[in-house]
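Residue numbers (my numbering), protein chains in the order written: chain A, 1 to 416; chain B, 1001 to 1416.
Keep in mind that a hint or two might mislead.
Anything over 10 angstroms on all C-beta distances counts as not near chain A; from chain B, calculated [what the hints assert, rightly or not]:
1) K1181
2) E1218
3) K1228
4) D1241
5) D1282
Cross-link-like lysine-lysine pairs, in silico, DSS-like; alpha carbons within 25 angstroms at most [unchecked claim]:
6) K203/A x K228/A
7) K62/A x K1073/B
8) K5/A x K1073/B
9) K164/A x K278/A
10) K80/A x K1075/B
11) K31/A x K228/A
12) K1278/B x K19/A
13) K362/A x K1273/B
14) K378/A x K1073/B
15) K1062/B x K1278/B
16) K1062/B x K4/A
Bear in mind the hints are in silico, worked out from the structure with no lab data behind them. Quick reminder that beta carbons are idealized off the backbone N, C-alpha and C, glycines included.
Number of protein chains: 2
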Amino acid sequence: MALKKKPVTGMRDIMPEEKEIRDYVEGIIRKTYREFGFLSIETPCMEDIANLCSNQGGDNEKLIFKVLKRGEKLKLEEAKEEMDLVDQGMRYDLTLPLSRYYSNHANDLPSPFKALQMGNVWRADRPQRGRYRQFKQCDIDILGDASNLAEIELITATTTCLSKLGFKNFEIHINERRILKAMAAYSGFEEARFDEVFIILDKMDKIGEEGVKEELLEHGFDAAGVEKYLGLYQMLHSQEDGLTMLANTLGDSLEEGVADNLREIIDCVEAAKQGDFKMVFDPTLVRGMSYYTGTIFEIVMPEFGAACGGGGRYDKMIGNFTGKDVPACGFSIGFERIILLLMESGFKVPEEGGKVAYLIEKGCDKDKMTSVMVEAAKLRQEGTTVLISRMNKNKKFQKEQLEQSGYTDIREVFNR
Amino acid sequence: MALKKKPVTGMRDIMPEEKEIRDYVEGIIRKTYREFGFLSIETPCMEDIANLCSNQGGDNEKLIFKVLKRGEKLKLEEAKEEMDLVDQGMRYDLTLPLSRYYSNHANDLPSPFKALQMGNVWRADRPQRGRYRQFKQCDIDILGDASNLAEIELITATTTCLSKLGFKNFEIHINERRILKAMAAYSGFEEARFDEVFIILDKMDKIGEEGVKEELLEHGFDAAGVEKYLGLYQMLHSQEDGLTMLANTLGDSLEEGVADNLREIIDCVEAAKQGDFKMVFDPTLVRGMSYYTGTIFEIVMPEFGAACGGGGRYDKMIGNFTGKDVPACGFSIGFERIILLLMESGFKVPEEGGKVAYLIEKGCDKDKMTSVMVEAAKLRQEGTTVLISRMNKNKKFQKEQLEQSGYTDIREVFNR
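For reference, chain A alone in the conformation it holds in the complex:
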């Protein structure tokens, strides 16, 4: 029986050219966050199915790859529904596993805890171009710091990392869930319908203010409220410092200190920034996940329509494990999008040392082979990449391939 050569639906094999870039980017990420004092951790790729299906993950929970029970625990005849058959599932993000990890190990971890995670996640999405069912996420989180120092460090570390990878002219959009809510409350919308408002607001960059207005009206929101709501956004266009003015306008609708806190994050990151990017207060920024409780932020790249990563504060999630809330704030780099952008721009991993290839003709004796091995060891110690390969019958093609891979120095070793 012939086996299947293709990867499973929606997943893909990574070719050497791309993998080299991925390894390089992972290395830069690891090194940069390490310099910021982040500690690397790892959790299993599988989590208990009850944890995964606990309404933390929103729509992602519909996309879980579930793992069949094993041995005696699988009772096929008695099973009435899917959940009777499974006990574990593949993680769909790294935030839930981190919260579990922290709940389990907080006593053995520093406080605040600055964590770095890189790993695959799985979502059984409908396969589509550029979107895969297994993809890498790269998250940094600071747990146990309620102050905005967490946001400042997360954004500074991430922008430093992106700058090291050569990205320029990007923006970090930032907003606050509490400002979003205050704007909705100020406009007279009912709190129970806030999420509905935000889902429509989230489309602002696609459908514009007119589109948002129409859709709110279609959803039956009061015309005067909608007018007032859109008025806030129009007012912000003409203002240099929108945040301060917005806070003044919202008055008591906005909790005290929220705007100052956000202002401080923006100013502090701007003042100390190293790369070529801009902090932008964006009152239309929503971010889907319901677990965010405060600041939310996103990386916006000029070359890319969608966000290249983002995050925010989620102070209530760890309480779901321990019964006691822990302040938490995280930033996820869109690893796959970063790789895509680098690939499309023709990025090449910087070469270190040279590249030498030895082609050994068939039948070379032991002594000849040994002397090549000794020579190669010496070159490798000096940092040169040395490929030793059997000489193919079609030597010309073999040499062309090697030259394309950067082997400029090809040494032929003949059997005589």
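Chain A is already provided as a structure; the job is to place chain B on it using the hints.
Frame of chain A; chain B shown alone:
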């Protein structure tokens, strides 16, 4: 509802101290094999269930984590057995995925193809100390080279890698499936029962020659044959160059050139070796997997009872995908065992640059925070690790923790 804090049964969370060592070891492995011209690749963690259950994987196939079909494809009412419910499974090794990958992409890959893979594999083994259901494997393989240059390069690269990690006094045991078979044939055993003989022989290091003899007799093997078989092993004790003598004794039972081929591998690796290790011809080495067709080898560490990795030649596996055999040879480092040995020996990752921590008292103003950020950026550019953290109420404990983590320079920033 409180969520579960523990990882799923048989899997584990990796703490920062261990993860730091793992990242370091991965880096050394990646760099070393790169210097030998290996190309890094990646395949999905899931494979088609039919590929996984195709009798390539021996006992590992009993331990597959199976993934439930999704959506309409899952027909719970009609399902009669496990296999009706699943379409994919977690990979249990990296060799089968590599063979599939090569079959799928051979036209786009160099020939010979030198591949490096590092990734997790899953086996639903009975949980036991030091053995986990998710663990990392690290494989290098050379596909498309029928000559022993493949073995020489694989062993040289791997021993170089182990030496860079500080391992000394280890041995690479090497044998040949065809020698194993010739020894059994010479002793008059039937070919159909060779595997049975090898399973018993494999216990030699535990039960000794007497034990092997007894067990063979118990299994009903002919006493004269058993005598002749054990005689071969006794003869080898007294000989300097066991391999040559064995080849002479076996005569026509052994295919021509097999012993010379093996001799060349041993001599060539020995002659060019850089590290502190020894090549050992070990005629008792069996290695379980039925897919091996030629040389087999294993890393034997003095500190460790079991093998710390191994591999061999498997020239027939790719033919299962394409119908056309491709010579293949691979070496798998026992990543988890290497990490265990390093942890037990108190290994510390070499520090680069210094480690500075800033503790910021609550209420520090924007200007003070900004100046710390600017200072930190400068230090980080010079390669110093800089942690910026909110000052805790229990500052003494916080400083102690930081000192333990190597922050020798702790700078306090006060709100005044």
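Hint-by-hint comparison with the structure:
1. K1181: The claim stands: K1181/B keeps its Cβ more than 10 angstroms from every Cβ of chain A (closest is about 25 angstroms).
2. E1218: Consistent with the label, E1218/B stays out of reach of chain A, its closest Cβ about 31 angstroms off (over 10 angstroms).
3. K1228: holds (32 angstroms)
4. D1241: holds (15 angstroms)
5. D1282: For D1282/B, whose nearest Cβ neighbour in chain A is about 21 angstroms away, the distance exceeds 10 angstroms, so it holds.
6. K203/A x K228/A: Holds, at about 18 angstroms.
7. K62/A x K1073/B: Between K62/A and K1073/B the Cα gap is close to 15 angstroms, so the pair holds against 25 angstroms.
8. K5/A x K1073/B: holds (22 angstroms)
9. K164/A x K278/A: Given pair K164/A, K278/A holds - Cα atoms ~16 angstroms apart, limit 25 angstroms.
10. K80/A x K1075/B: Holds, at about 12 angstroms.
11. K31/A x K228/A: violated (48 angstroms)
12. K1278/B x K19/A: Not OK: K1278/B and K19/A at ~34 angstroms, beyond 25 angstroms, violated.
13. K362/A x K1273/B: OK: K362/A and K1273/B at ~22 angstroms, within 25 angstroms.
14. K378/A x K1073/B: The given pair, whose Cα atoms are some 57 angstroms apart, is violated under the 25 angstroms limit.
15. K1062/B x K1278/B: Distance of about 36 angstroms is beyond 25 angstroms: violated.
16. K1062/B x K4/A: The given pair, whose Cα atoms are some 20 angstroms apart, holds under the 25 angstroms limit.
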